[in-house]
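S.K.: From first to last, the protein sequence lines are chains A and B. If you're matching positions, the first sequence starts at 1 in this note's numbering and goes up one per residue. If you're matching positions, the second sequence starts at 216 in this note's numbering and goes up one per residue.
Hints listed in this document are in silico derivations from the structure and should not be mistaken for laboratory results. For clarity, every value in this text was computed on a predicted model and none was experimentally measured. Heads up, some of the hints might be wrong.
[What the hints assert, rightly or not] So the derived list for chain B, only partly shown, Cβ under 7 Å to chain A, looks like this: (1) 329; (2) 337; (3) 383; (4) 405.
[As the list claims (entries may be wrong)] Dumping the calculated DSS-like pairs for lysine-lysine here, alpha-carbon to alpha-carbon at most 30 Å: (5) 237(B) <-> 431(B); (6) 159(A) <-> 384(B); (7) 384(B) <-> 4(A); (8) 125(A) <-> 384(B); (9) 79(A) <-> 4(A); (10) 159(A) <-> 390(B); (11) 422(B) <-> 390(B).
Just so it is clear, CB atoms sit at the ideal spot from N, CA and C, and this is done for glycine as well.
As a plain string of letters, each chain reads:
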Amino acid sequence: MDEKLNQCRENVFCGNLAEMEQFFAAQNQDGISGADVMAALQAGLEDARLALHENHISIPEFLIALDVFRRGVTLVREKQPHLQVEAKSENIIIGVVEGDVHDLGKNIVAAVLDASGFSVIDLGKDVSRERLCGAMEKHNPAVVALSSMMSTSLINIEKIIHHIKMIYPPTPVLVGGASLDRDLAFTLGADGYAESAFLALEEINQLVAGNQHNS
Amino acid sequence: MNFQSIQFITPSLVDVCLRVAKGSGYPEMEAVPRIMKNEIMTAAQHVISILQPEAVFSVLPVNEITESRIISDAFVVESKRWAALALGCDSPHCLYPFLLSLGRELDISISEMQDRSMTQAFLMDAAGTVLAEEYARQIEWYISDLTLHEGLCCSARFSPGYCDWDTGKGQEQFKKISEASSVDVSVLPSGMMVPQKSISGVLIAAKSLTITTPCKNCRKFECPYRR
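Just need the whole structure built from these sequences, with the hints factored in.
M.R.: Structure, rendered in structure tokens:
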């Protein structure tokens with residue numbers, strides 16, 4: 001059974017979609033639980049993320065692993081619609097700041113966070129302060145993650161962070177995007193900075209851990 | 216403002232694939248795994264099949280150059296560095312602002328693709344960037360060739376955000392062009408353009424130019440846009 005789960009993990013890491021689908025075609029006969037398969041899928045994606053971090057694979061190769069992971073999750077849910085997956089208790093709100101509509105990077109971050117078990121509330125792009133605060137009121141997030149690819153929307157990030165710090169002071173804000181660097185992120189008042197879509201998970205884990213420690 | 220349009224030559228599929236591979240971190244095509252070659256090829260083919268490239272440019276005589284501005288009737292470049300370049304020219308003649316778009320279909324297609332395949336969406340986005348840069352280069356060549364026939368020479372193309380030209384103020388100038396011309400580009404209040412794969416830029420034409428960019432006189436050696 002372990003061997004089959006390892007194969008499942010390997011299929012995600014290597015981006016083997018066809019073999020992943022074959023695995024699911026045979027899964028019921030093997031009596032492997034959906035929760036175990038889900039854990040194997042997550043482990044495979046984490047292997048790929050770490051390999052990307054170490055420059056052993058390219059960004060598109062990681063994305064193939066992400067696509068195979070998502071397909072695997074769909075197949076698990078098709079087979080076991082009532083499967084309860086152990087998820088993290090923290091909500092993460094994510095969005096592209098007002099004035100910007102580049103959302104591909106944000107969507108990759110959202111997919112990675114979702115895959116690692118966070119409950120992701122994706123507000124989409126061109127997100128106003130009002131919409132963000134409404135979502136914060138409703139979901140009480142552990143972290144707010146904002147992205148900006150345009151230098152002209154940095155002013156909006158700064159205003160939103162300032163507002164969050166006034167209304168929800170304990171909630172950490174992570175920022176990322178082409179128009180930012182670490183120094184600028186902290187100058188604008190952010191609590192964390194993700195250099196790439198793939199490093200956001202570490203940063204968010206640190207912010208969540210720091211927030212739990214402080215509370 | 217009067218506008219002229221440009222016909223583009225679409226680069227070959229192989230050329231687009233090579234550039235997407237390079238942009239994705241592969242130094243050469245031999246380093247690309249087979250599965251990735253197929254993905255890149257599929258994405259590039261898809262993008263080329265749905266492209267709707269269009270561009271307009273205008274020819275605007277330069278009325279005045281100050282220490283920080285190049286002024287024509289309907290268009291102003293607010294940049295000390297580019298104004299210094301223009302002041303150093305022999306008879307600065309015209310500004311050639313242009314707007315280029317790859318069309319809205321590409322934005323829609325990339326957005327829809329994300330549900331099915333992040334890989335394809337990412338590679339389509341990369342192919343769109345490659346093609347937008349290629350078409351901007353073709354515009355630069357076209358305008359340079361045009362001015363050459365009039366005995367003029369051209370600066371390199373530059374855009375809002377280059378050097379000290381503020382992105383927001385620069386994009387306000389291009390908003391006037393998008394509103395007055397037939398090209399289907401919207402400039403949002405933030406300066407962002409929709410469709411996303413759009414490029415705004417301008418060239419300065421003069422009788423002669425000692426430099427084509429302000430880079431030679433700039434000490435920002437780490438600047439990623441240094442030419």
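S.K.: With 7 Å as the cut and Cβ atoms as the points, is residue 337(B) at the interface with chain A?
M.R.: Result: holds, 5 Å to nearest chain A Cβ.
S.K.: With a cut-off of 7 Å, does the beta carbon of residue 405(B) approach a beta carbon of chain A closely enough for the hint to hold?
M.R.: holds, 3 Å
S.K.: Can you confirm whether the C-alpha distance between residue 384(B) and residue 4(A) stays at or below 30 Å?
M.R.: Roughly 59 Å between the alpha carbons, so the hint for residue 384(B) and residue 4(A) is violated.
S.K.: Would the hint on residue 329(B) stand, with a C-beta cut-off of 7 Å toward chain A?
M.R.: holds, 6 Å
S.K.: Does residue 390(B) lie within 30 Å of residue 159(A) when you go C-alpha to C-alpha?
M.R.: Cα-Cα ~25 Å, so holds.
S.K.: Tell me if the straight-line CA distance from residue 79(A) to residue 4(A) falls inside 30 Å.
M.R.: holds, 17 Å
S.K.: Are the Cα positions of residue 159(A) and residue 384(B) separated by 30 Å at most?
M.R.: holds, 20 Å
S.K.: Is the shortest C-beta separation between residue 383(B) and chain A less than 7 Å?
M.R.: holds, 5 Å
S.K.: Is it true that the CA of residue 125(A) sits at most 30 Å from the CA of residue 384(B)?
M.R.: With a Cα-Cα distance of about 23 Å, the restraint between residue 125(A) and residue 384(B) holds, given a limit of 30 Å.
S.K.: Mind checking the alpha carbons of residue 237(B) and residue 431(B) for me, to see if they're no more than 30 Å apart?
M.R.: holds, 28 Å
S.K.: Take the C-alpha atoms of residue 422(B) and residue 390(B), compute the straight-line distance between them, and say whether it is at most 30 Å.
M.R.: holds, 29 Å
Hint violations for this structure: number 7 only, all remaining hints satisfied.
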